[in-house]
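Engineer: In the order they appear, the protein sequences are chains C and R.
Start counting at 1 in the first sequence, then tack on 30, and there's your number in this note's numbering.
Start counting at 1 in the second sequence, then tack on 112, and there's your number in this note's numbering.
One should not assume that every hint holds.
Said to hold, decoys possible - Derived DSBU-like pairs: lysine-lysine, alpha-carbon spacing no greater than 35 Å straight-line:
#	chain 1	residue 1	chain 2	residue 2
1	C	128	R	551
2	R	413	C	142
3	C	142	R	266
4	R	561	C	128
5	C	60	R	551
6	R	266	R	218
7	C	60	R	413
8	R	220	C	142
9	R	218	C	81
10	C	142	R	551
As the list claims (entries may be wrong) - Where chain C lies over chain R, by a calculated footprint (3+ residues, C-beta under 8 Å):
#	region
11	252-266
12	270-276
13	472-478
Hints in this document: simulated from the structure, not taken from any laboratory.
Beta carbons are placed, not taken as given, at the ideal position from N, Cα and C, and that holds for glycine.
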Amino acid sequence: MILGLYNYWIVVVLMMVGFYIVIAHGNLIKKIVGLSIFQTSVFIFYISMAKVDGGTAPILAEGIQQYSNPLPHVLILTAIVVGIATTALGLALAVRIKEAYGSIEEEEIQEKDNLDC
Amino acid sequence: MLTHLPILQVIVPLMAAPLCLFLTRSRLVWLFALTVSGLAFLISSLLLQQVMNSGTIIYTLGGWDAPWGIEYRIDYLNALLLLVITAVSTVVLVAAHTSIQHEIPKDKHTLFYILYLLSLAGMLGIVATGDAFNVFVFLEISSLSAYALIALGKDRRALWASYQYLIMGTIGATFILIGIGLMYQMTGTLNMYDLSQRLPEVENSRTVFTAFAFVIVGVCLKLALFPLHLWLPNAYAYAPSIVTAFFAATATKVAVYLLIRFTFSIFGLSFSFTALPLQALFVVLGLLGIFVASFAAIYQKNVKHLFAYSSIAQIGYMIVGFSVSTATGLTATLLHLFNHALMKSALFLALAAVVYRIGSAQLSQFHGLGRQMPFTMAAIVIGGLSLIGVPLTVGFVSKWYLVLATIENGWWPVTVLILLGSLLAIVYVWRIVEAAYFKPPLAGSEGIKEAPMSFLIPVWTLVIANIYFGIDTRLSVQVAQAAAQSLFGVSP
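Start from the sequences, fold in the hints, and give me the full structure.
Structural biologist: Encoded structure:
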């Protein structure tokens with residue numbers, strides 16, 4: 031039961047690791063790394079879900095009766111593209127923040143903002 | 113052509129966005145974007161008319177029947193949302209060309225319009241589609257362009273606000289994605305209608321329960337429900353003024369739509385309100401949101417911040433209406449959704465005019481503006497009255513229905529709290545009135561003139577709409593009621 035569903039355990043662990051990094055770290059780059067790990071766990075979740083026991087890759091061929099479900103794979107291709115776009119935008123913002131504030135630490139940025147007010 | 117309206121609604125702004133790259137002159141791009149948005153408005157009006165005449169429209173993409181293909185389903189609720197989004201977007205765009213002159217560097221004007229149209233397309237897509245995964249894709253299209261639009265703000269704090277919004281927004285969207293995945297795992301379908309048919313068979317499983325919890329939290333992050341609202345005030349305050357006017361009126365409304373769609377249509381009323389204590393949870397969080405955000409609004413020094421907090425409070429009213437979970441309550445929510453879009457777009461657009469003239473939205477700079485910019489300030493006052501819920505404005509209509517819904521349900525304390533919350537709105541609106549009309553003008557502010565016509569025309573269009581729909585409530589109430597009733601009747 032536990033071993034049979036090991037990929038789901040990996041999903042849960044990765045999800046929590048990513049989520050924790052996003053919340054706990056003040057460094058903007060680390061936050062984005064955490065966010066990527068968080069999103070990746072969801073990708074693995076979708077892909078695990080599509081696997082059919084004894085099924086092969088969903089390519090039509092003679093003598094094969096059982097295929098894995100291709101739909102979640104396709105969905106996740108889209109989600110990966112979205113994830114890359116998010117990471118790219120986040121990193122670009124981090125660069126601009128570094129230029130404008132001279133720091134990528136959450137606390138220092140917050141301090142400078144408080145001075146501005 | 114008419115049969116293809118549902119897809120044209122989304123595809124026109126989506127295709128138009130990259131075309132902006134070929135038009136390099138700022139004015140030309142603006143006219144193009146305005147035309148596209150106007151076209152989208154025309155399409156949504158036609159769609160609403162079609163829905164009113166012949167009921168729900170079902171459009172299958174590429175002729176592939178659902179649940180294999182993706183279908184777009186337009187009923188009263190969708191048509192109402194599409195109309196609100198496109199109308200606000202078009203009116204706001206009228207003022208965009210003048211407003212961004214001072215706020216966005218010239219070489220970024222084209223990019224601004226591209227992002228604006230992409231964001232519009234994303235929001236329209238979320239509303240039009242009948243496919244759960246499609247919702248996620250369009251959500252990310254609109255969100256990613258929203259982050260970039262907010263980062264265009266002049267102040268460096270815009271960058272930081274945008275970054276925080278990106279983190280929160282992505283977590284919210286990923287939660288929704290997890291929820292959709294779990295639903296797919298249990299039912300093998302992504303079509304919303306199909307999901308609503310198949311979920312009841314498996315609704316006792318823990319997987320469906322988890323899916324529901326993930327979706328609700330994700331959507332609540334997106335709609336800035338208290339206490340998940342932290343991204344909103346700074347994002348609205350530091351974004352370019354035009355962007356604020358557009359998003360304040362539309363972005364959170366789309367999330368409210370998703371909440372209604374997921375709870376009422378997909379998971380179904382009986383499951384949604386028994387699986388989680390949604391009613392108790394939302395009435396408490398909604399009321400807390402009204403009070404905490406209204407108090408916060410009272411103490412703001414920046415008027416954009418002030419109205420951003422007021423937006424969170426208004427979301428609270430919508431959520432309270434939702435939590436009543438009767439047809440009247442839902443009607444109140446939908447009416448407030450429509451009316452709040454009118455109020456906030458008028459207010460933030462008038463603020464954009466103020467920022468255009470005096471270069472800031474600090475309350476201390478508003479002194480004496482009542483005489484220097486009489487038309488703009490009058491618009492802010494009428495918008496403010498509407499926010500409070502004074503009769504003859506739209507704000508009154510939705511508060512009226514909300515009060516009716518809570519009384520009908522016997523929720524007296526909630527009724528009282530809603531009315532008390534409106535009193536807080538008087539306080540923060542009064543602070544602006546006091547500064548603008550009862551304080552002497554600041555030294556060196558003699559040269560401030562009334563805002564140009566390119567602001568006054570759209571602002572007053574919205575203000576007149578605020579009054580018109582406050583008196584003649586036939587269209588808004590009829591559509592909201594029909595939408596609410598259909599949600600309580602046969603799903604979707």
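Engineer: Against this structure, judge whether each hint is valid.
Structural biologist: Against the structure, the hints come out as follows:
| no. | hint | result |
| --- | --- | --- |
| 1 | C:128 x R:551 | 41 Å, violated |
| 2 | R:413 x C:142 | 18 Å, holds |
| 3 | C:142 x R:266 | 16 Å, holds |
| 4 | R:561 x C:128 | 38 Å, violated |
| 5 | C:60 x R:551 | 49 Å, violated |
| 6 | R:266 x R:218 | 12 Å, holds |
| 7 | C:60 x R:413 | 33 Å, holds |
| 8 | R:220 x C:142 | 27 Å, holds |
| 9 | R:218 x C:81 | 51 Å, violated |
| 10 | C:142 x R:551 | 32 Å, holds |
| 11 | 252-266 | holds (count 5) |
| 12 | 270-276 | holds (count 4) |
| 13 | 472-478 | violated (count 0) |
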